[in-house]
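Q: So the chains spell out like this:
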Amino acid sequence: MSEFLSISGIVKRFGGFTALSGIDLGVAKGEFLCLLGPSGCGKTTLLRIIAGLETQDAGTVRVAGRDIGRLPPARRDYGIVFQNYALFPNLDVAGNVGYGLRTGRAERRGRVGELLELVGLAGSEAKYPSQLSGGQQQRVALARALATSPSLLLLDEPLSALDAKVRVHLRRELKQLHQKLGITTIMVTHDQEEALSLADTVAVMDHGTLEQVGTPEQIYHQPASPFVAGFVGHSNWPAVRVREDGKVELAGQEIPGLGRHPAGAARLFCRPEDIRVGTHHAHDQLLALVQSLEFLGPVRRATMSLEWAPEIVLQVDLGAKDPWLAEGDLVPLAFAADRMRLFSAEAV
Amino acid sequence: MTDGAGTGRGPILSGDERLARGLACLAAGLLAVFLVWPLAEILVKALQAHDGSYIGLVNLRAVVTEPRLRQAAWNSLAVAAATTLAVVPSALAFAFALTQSKIPGKPLFKIIALSPLLTPSLMPAISLVYLFGHQGPLRGWLHGHPIYGPIGILLGEAFYTFPYAVLVLLTALGVADARLYEAAEVLGASRFRRFITVTVPNIRYGLVSACLIVFTLVVTDFGVPVVVGGQFNVLALEAYKQVLGQQNFQKGAAVGLFLLLPAVLSFGAERWLARGRAGSLSGSARAYRAKPNLARDGALWAWCALVCVFLLAMTGTAVAASFIKLWPYNLHLSLAHYDFANMDGGGWLAFRNSLKLGGLTVVAGCAMVFAGAYLVEKTPAPRPVAAAIQSLALVPMAVPGLVLGLGYVFCFNRPGNPLHRLYGTMAILVVSTVAHYYTTAHMTIMTSLRQIDGEVESVARSLRRPWWTTCARVTLPMTLPVLLDVGRFFFVSALTTVSCVIFLYTPDTVLASVAVLNMDDAGDTAPAAAMATLIVATCLVVTLLSTAAGWLLNRRAQAWRRGPA
Chain A
0 MSEFLSISGI VKRFGGFTAL SGIDLGVAKG EFLCLLGPSG CGKTTLLRII AGLETQDAGT
60 VRVAGRDIGR LPPARRDYGI VFQNYALFPN LDVAGNVGYG LRTGRAERRG RVGELLELVG
120 LAGSEAKYPS QLSGGQQQRV ALARALATSP SLLLLDEPLS ALDAKVRVHL RRELKQLHQK
180 LGITTIMVTH DQEEALSLAD TVAVMDHGTL EQVGTPEQIY HQPASPFVAG FVGHSNWPAV
240 RVREDGKVEL AGQEIPGLGR HPAGAARLFC RPEDIRVGTH HAHDQLLALV QSLEFLGPVR
300 RATMSLEWAP EIVLQVDLGA KDPWLAEGDL VPLAFAADRM RLFSAEAV
Chain B
0 MTDGAGTGRG PILSGDERLA RGLACLAAGL LAVFLVWPLA EILVKALQAH DGSYIGLVNL
60 RAVVTEPRLR QAAWNSLAVA AATTLAVVPS ALAFAFALTQ SKIPGKPLFK IIALSPLLTP
120 SLMPAISLVY LFGHQGPLRG WLHGHPIYGP IGILLGEAFY TFPYAVLVLL TALGVADARL
180 YEAAEVLGAS RFRRFITVTV PNIRYGLVSA CLIVFTLVVT DFGVPVVVGG QFNVLALEAY
240 KQVLGQQNFQ KGAAVGLFLL LPAVLSFGAE RWLARGRAGS LSGSARAYRA KPNLARDGAL
300 WAWCALVCVF LLAMTGTAVA ASFIKLWPYN LHLSLAHYDF ANMDGGGWLA FRNSLKLGGL
360 TVVAGCAMVF AGAYLVEKTP APRPVAAAIQ SLALVPMAVP GLVLGLGYVF CFNRPGNPLH
420 RLYGTMAILV VSTVAHYYTT AHMTIMTSLR QIDGEVESVA RSLRRPWWTT CARVTLPMTL
480 PVLLDVGRFF FVSALTTVSC VIFLYTPDTV LASVAVLNMD DAGDTAPAAA MATLIVATCL
540 VVTLLSTAAG WLLNRRAQAW RRGPA
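Taken in sequence, the protein lines are chains A and B. The numbering of the first sequence is numbering that gives the first Met the number 0, which starts it at 0 and goes up by one. The numbering of the second sequence is numbering that gives the first Met the number 0, which starts it at 0 and goes up by one.
Hints were generated in silico from the structure; no laboratory data involved. From a predicted model like this one, the values you see are computed outputs, not experimental measurements. Virtual Cβ for every residue (Gly too), placed ideally from N, Cα, C. There may be inaccurate statements among the hints.
As the list claims (entries may be wrong) - Chain A residues, not near chain B, derived (Cβ > 10 Å throughout):
no.	residue
1	VAL10
2	GLY21
3	GLY25
4	ALA27
5	ALA73
6	ALA140
7	ALA146
8	SER196
9	ASP205
10	ASN235
11	ALA250
12	GLY256
13	ASP273
14	GLU310
15	ALA319
16	ARG338
Unchecked claim - FRET-style restraints, in silico, Cβ to Cβ:
no.	chain 1	residue 1	chain 2	residue 2	range
17	A	GLU172	B	ARG192	21 to 31 Å
18	A	PRO37	B	GLN389	27 to 37 Å
19	B	GLU269	A	GLY14	57 to 67 Å
20	A	GLY14	B	THR446	20 to 30 Å
21	B	PRO383	A	GLY29	35 to 45 Å
22	A	GLY14	B	LEU25	46 to 56 Å
23	A	GLN175	B	GLU269	53 to 63 Å
24	B	ARG192	A	ALA325	49 to 59 Å
25	B	TRP550	A	HIS168	52 to 62 Å
26	B	ALA177	A	GLY14	37 to 47 Å
27	A	GLY29	B	ALA177	47 to 57 Å
28	B	THR446	A	SER343	31 to 41 Å
Just need the whole structure built from these sequences, with the hints factored in.
A: Below, the structure written as structure tokens:
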């Protein structure tokens, strides 16, 4: 895939604080990319630099081969949606959506109607933003951003100000809209669930650097760094030892299927759902004592300590198909080795 | 391909952004020329001898050592301190009654309390002369003491400064958080203890602020002392006399610098106190609602009524006297005193000039202040330029009108000045009035611009609309009610001010407020009262008109202001 948007070497400092330290990122045409990270990681700054609302100290931004890095926003061809909607309060919905349209009145009215239908708000042209709910306002903002048919759509935490239910609903519609229009989209979010469910590609950021760029599956199952593994989803980090022969041992018990690694101390990354509870005791299985159980709806999360190394505590998700456990039970554990990753002890 | 590359390091600006940049520089330049330059001239003049040679601090030392000037300085401080002591507690009780009691008639009380804002400061002085002067019916109240002197100044300044103190204290008391009172009550605190432990700490800042404002206003005002000062010399009067009477610009400049002192000090103190006070009222705070209490409310009502009678008497006496043939001997009604055509001091020309000044100040002031605030807040103006506008806009707050007027004389009356041609025109009166009242207007508009989400401009830029489209279609319509209020403020200020323009008018550009002063000076007290009445009436009409216009605007804006249908 050829890159539609390519960012290279972006650096941004605010006084002594380095918000972005050399970001390189490519986005293919029609791709939905999520910039994911904790607050203060620089994701919004990066988006604002792409939008031309902030000036980078170094680096270039190219769209379709054209260097737009120093152009004013008006010459960059994108639409943008902010968390707080930023609608023009004194203009009605039609005035808001049609703000960027420089066409005749009739043509504008047609286009506005079309866009409102697209976002599911047909017929609300004459309403004012204050008469709409948060979700409706954000749809208007989306229609306004799409009105000029920009080649790039920038979304800055567009769903964060909404109620949980509206958020999930609008998320689904956003996905459908993207599939329908095929517009290259960059969305900033701190909500991993949102990023994983919406994006073709997730770019995880921390402290002004890109930690990992990959598909949601890669990000979730093959985190490139302990930060990514820790930020996205829940995870266990038991200390393990790699033997001289390269095999991995947890509490003296070899974990099969992990391959060979350089000898020494290390940390094992495993998600709660990737640890299985067995029914039969086998001689090569780890035994764990159930300390407490937490009901989370679809799953119950058990906190267990290993029988031979009680200082190692693991969280294990139990689904409907798993055996019913009670506190104090001693159970054998099995690991889905293809989902585990080993990180050096210092990196964690 | 190379649309944006290789043309230097900075971002490329679009045409509208370049224009915004240019306008911002222009605004900063105007503030520098019409604010910083005149003030700098005062500083230079104060260090010169009468012939213009440099003599260091001699003039300044004279203010402290020359008996006449030293006495004036002491008198100023004493009368300002006395006025502050009298006004602030009165205003506190008044504001307390308006915010934290259940007395009837609050809106009326508030209107009367603020009414002095519509009158020139000469007016209460004229009323005092009518009431307590040689023929005044109430002169017996003074037990033989003359009204001319400290008593008269104190009473006149009390009238003049009362609304400022009330406004500050109303704001301070208005942010009382009901939850704190409830917590104190639940913990068993007595009424008095609640006042001391909750109310007082809450309004501490407001109290200090009110004291500083009243003190500074009294020190720098000369409208009251010029009428009822008598032999009691004060510093503000001395600056006026040195420059206009004795043509001693250098000594006038030195006195001017001393007048600047309390204002600059209180300005600094205020800024210092205001540090980190932004979040004093959190979002979850609830407004305090008073419970009825007959004894307290009765006493407060009586107090408010008493204050209002005083305030009304101070305006009303002059108004009444202007319609009376010969106070107090012939009490028949007559319009003779309004026959300005046969009167020295400017007459109807002065009134017409005042209206002209008011109108032009509204237009120029609103345009300049809005443009300055808009460019700083809503466009990517270069940071140093924006910072310059922001800080220069605060300067007039610390500069008394008298001092600003002096600076204008020194600066634009100098033959070598390229802007010398401005001197003696209506234009310089407009410019000086805008400069004089810049801070309040700027802060008001800035506050209202900041309430409009900044991302709105970002979105508009992404939609390829230049900032002036957004300004005309969104920002300006949303700011219009505030702009209307700022316009009213400019108009009323232009009509009532004397301090700044007293140095700048010519016989052709004489103003109504100046005419009041001149007629009173010439002994024509009744025509002076008539002219002052005319000013108050005009201000009242304009205020009512702007209120009506604001109401209409508000009704039109109802559609987009109301909540979800």
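Q: A separate judgement is required for each hint: does it hold in the structure or not?
A: Now for the hints, and whether the structure bears them out:
1. VAL10: Holds, since 12 Å exceeds 10 Å.
2. GLY21: holds (17 Å)
3. GLY25: Label holds. Min Cβ-Cβ 18 Å, cutoff 10 Å.
4. ALA27: Per Cβ check, A:ALA27 is outside 10 Å of chain B; nearest 20 Å; holds.
5. ALA73: violated (4 Å)
6. ALA140: violated (8 Å)
7. ALA146: violated (8 Å)
8. SER196: holds (25 Å)
9. ASP205: holds (25 Å)
10. ASN235: Nearest chain B Cβ is 40 Å from A:ASN235, so the label holds.
11. ALA250: holds (50 Å)
12. GLY256: The claim stands: A:GLY256 keeps its Cβ more than 10 Å from every Cβ of chain B (closest is about 51 Å).
13. ASP273: Correct as stated: the minimum Cβ-Cβ distance to chain B is 42 Å, above 10 Å.
14. GLU310: Holds, since 44 Å exceeds 10 Å.
15. ALA319: The claim stands: A:ALA319 keeps its Cβ more than 10 Å from every Cβ of chain B (closest is about 41 Å).
16. ARG338: holds (41 Å)
17. A:GLU172 <-> B:ARG192: 21 to 31 Å: violated (58 Å)
18. A:PRO37 <-> B:GLN389: 27 to 37 Å: holds (33 Å)
19. B:GLU269 <-> A:GLY14: 57 to 67 Å: violated (28 Å)
20. A:GLY14 <-> B:THR446: 20 to 30 Å: Hint holds: Cβ distance 27 Å, inside 20 to 30 Å.
21. B:PRO383 <-> A:GLY29: 35 to 45 Å: Given range 35 to 45 Å: holds, Cβ gap about 43 Å.
22. A:GLY14 <-> B:LEU25: 46 to 56 Å: Violated - the Cβ-Cβ distance for A:GLY14 and B:LEU25, about 29 Å, lies outside 46 to 56 Å.
23. A:GLN175 <-> B:GLU269: 53 to 63 Å: holds (56 Å)
24. B:ARG192 <-> A:ALA325: 49 to 59 Å: holds (57 Å)
25. B:TRP550 <-> A:HIS168: 52 to 62 Å: The hinted range 52 to 62 Å is violated for B:TRP550 and A:HIS168, with Cβ atoms some 42 Å apart.
26. B:ALA177 <-> A:GLY14: 37 to 47 Å: holds (41 Å)
27. A:GLY29 <-> B:ALA177: 47 to 57 Å: For B:ALA177 against A:GLY29, whose Cβ atoms are near 56 Å apart, the range 47 to 57 Å holds.
28. B:THR446 <-> A:SER343: 31 to 41 Å: Distance hint for B:THR446, A:SER343 is violated at roughly 55 Å.
Comparing the model with each earlier hint shows violations of hints 5, 6, 7, 17, 19, 22, 25, 28; every other hint is respected.
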